[in-house]
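So that you can map any letter, position 274 of the sequence shown is 307 in the working numbering, and since no number is skipped, the others follow by simple counting.
Note that these hints are calculated values from the structure, not bench results.
For each residue, glycine too, the CB sits at the ideal point set by N, CA and C.
A few of these clues could be false.
Each pair of labels, with its calculated beta carbon distance range [unchecked claim]:
no., residue 1, residue 2, range
1, I79, R173, 49 to 59 Å
2, I92, D255, 47 to 57 Å
3, W432, L145, 36 to 46 Å
4, V99, L62, 19 to 29 Å
5, A168, N305, 28 to 38 Å
6, A149, V417, 22 to 32 Å
7, P416, Q341, 38 to 48 Å
8, R187, I79, 35 to 45 Å
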Amino acid sequence: VIVETLRQTAGKVPSETLLGEVYPVLDLLKFYQAKAAAILAPRGVITSPLAFPGSTARIEHRPYGVVAVISPWNYPFQLSLAPLIGALIAGNGVLLKVSELSSPVADLIGSLLEKAGIPAGLVQLIHGEGDTGAALIDARPDLVLFTGSVATGRAIMARAARHPIPVILELGGKDPMIVFDDAPFERAVRGAVYGAFSNAGQVCVSVERCYVQQGLYRRFVDAVVAAAAELKPGSDLGPMVSERQLAIIEDHYRDAIERGAQASGPLRRDGNALRPVVLWDVDHSMKLMREETFGPLLPIMPFADENQAVDLANDSDLGLNASVWSLDLAKAERVARRLRVGGWAVNEVIKNIGHAGLPFGGVRNSGCGRYRGAEGLLAFTQPVAGLTNLGRMPREPNWFPYSEDGYRDLRGFVDFVFGEGAPLERIRRNWPALQAFRQYSALDLVQRWENLKLTMPWKRGY
């Protein structure tokens with residue numbers, strides 16, 4: 034039923050529906066089933082027995098209350114349910130608005146939630162277009178999670194700031210793929226084709242820029258062109274969902290050709306489907322190297338060395354995901370760590386964002402905040418700091434009344450904790466002050482045991 038609904042709604046091919054929409058949701062459910070209790074459990078914080086005598090400290094995680102989830106049309110099932118699941122498990126209610134282009138998927142999700150026994154009203158489905166999303170924010174939920182374009186994300190952030198409401202934004206990408214001379218050639222070619230043309234390029238982490246080291250460049254371009262030509266509409270490639278996006282793709286293609294790019298063929302449209310196109314002789318003056326295309330165009334550009342590859346990849350105001358390809362794993366990971374992105378993969382493409390244990394989100398104009406993984410689950414909560422004192426002392430050393438002797442002792446204590454010199458040296462010069470604090474030492478063992486119980490590592494095993 035799920036696969037058929039998505040096929041009818043978005044024209045998705047069955048394999049991509051199963052692996053891109055259904056599997057990630059099941060994997061995330063399984064991950065949170067095993068790990069959520071430990072992730073959300075109160076966490077003890079080590080507390081100095083001298084600075085906070087007789088006290089224990091902890092961090093608790095409380096749900097925001099009501100989370101508004103506004104999901105996109107390209108992956109309407111997965112990108113609705115993944116944040117919805119996280120928000121619910123963290124203890125929130127959810128207002129879910131699925132894209133107006135994917136209304137049947139919203140009905141499907143409602144049916145699945147009912148079958149799962151979710152209490153009535155805990156999740157409310159909202160239908161409508163952009164003005165409905167604006168009204169949803171004006172209804173003042175406690176947190177907004179939006180997945181979509183940069184322009185709409187900015188508008189949502191500005192509207193949420195009126196109230197103010199915190200936001201998690203997963204916005205556009207212009208993801209680079211860096212291929213070194215020593216890359217696993219066949220795997221990199223197939224990875225580039227899949228990364229660029231999966232779901233007809235309508236993936237936020239599609240490969241939208243491919244940089245290939247000069248020694249491999251010509252051979253790589255020829256191989257990618259040949260591999261892309263093997264893709265079959267209907268079985269490998271689905272249609273474009275948005276007419277507006279078709280116009281952007283056509284504009285990017287035309288601009289590149291006018292500026293001197295070479296292409297594997299013309300931009301051929303069959304109804305709402307586009308044949309994939311590989312382009313080369315491209316540069317960063319072209320729109321398809323700077324703006325999100327979100328369609329089946331793959332520009333390939335050469336680079337000379339590691340530093341140039343990093344500079345080219347980072348020459349973007351977007352930073353969602355990236356991939357680096359080399360059999361020298363130390364080099365590949367070194368390069369990946371220099372990229373200004375929210376996530377990266379080595380010798381892999383797209384799949385890393387579906388890992389249930391990894392947080393997902395971007396930097397710069399690609400958004401803020403994370404969901405998925407432990408960090409993503411905690412993003413649907415507010416950390417609350419707690420300090421508990423055993424209550425067995427008549428007063429604290431910093432309480433009234435003040436005195437010159439008390440001030441001298443406090444100065445000695447500060448010097449003992451933060452001053453220069455070896456510990457024994459600090460003890461000797463501050464011995465009188467430390468003696469003044471001896472009344473609190475009897476609580477040390479009690480406090481240390483309480484702190485130990487709160488920070489036991491087996492309680493945090495996620």
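- Message: Taking 38 to 48 Å as the stated bounds, is the beta-carbon spacing between P416 and Q341 within them?
- Response: For Q341 against P416, whose Cβ atoms are near 42 Å apart, the range 38 to 48 Å holds.
- With respect to the beta-carbon atoms only, verify the hint that A149 and V417 lie 22 to 32 Å apart. With a Cβ separation near 29 Å, A149 and V417 satisfy 22 to 32 Å, so the hint holds.
- Task: Could you see if the CB distance from I79 to R173 stays within 49 to 59 Å?
- Result: 38 Å, violated
- Task: Take a look at whether the Cβ-Cβ distance between I92 and D255 falls inside 47 to 57 Å.
- Result: 56 Å, holds
- Item | Distance restraint evaluation - A168, N305, Cβ atoms, bounds 28 to 38 Å | Since A168 and N305 have Cβ atoms about 30 Å apart, the given range 28 to 38 Å holds.
- Query: Does the Cβ distance between W432 and L145 fall inside 36 to 46 Å?
  - Reply: 57 Å, violated
- Message: Given a hint of 19 to 29 Å, does the C-beta separation of V99 and L62 actually sit inside it?
- Response: With a Cβ separation near 22 Å, V99 and L62 satisfy 19 to 29 Å, so the hint holds.
- Message: A range of 35 to 45 Å was offered for this pair. Does it hold for the Cβ distance of R187 and I79?
- Response: Between R187 and I79, where Cβ atoms are some 41 Å apart, the hint holds.
When each numbered hint is compared with the structure, violations occur for hints 1 and 3.
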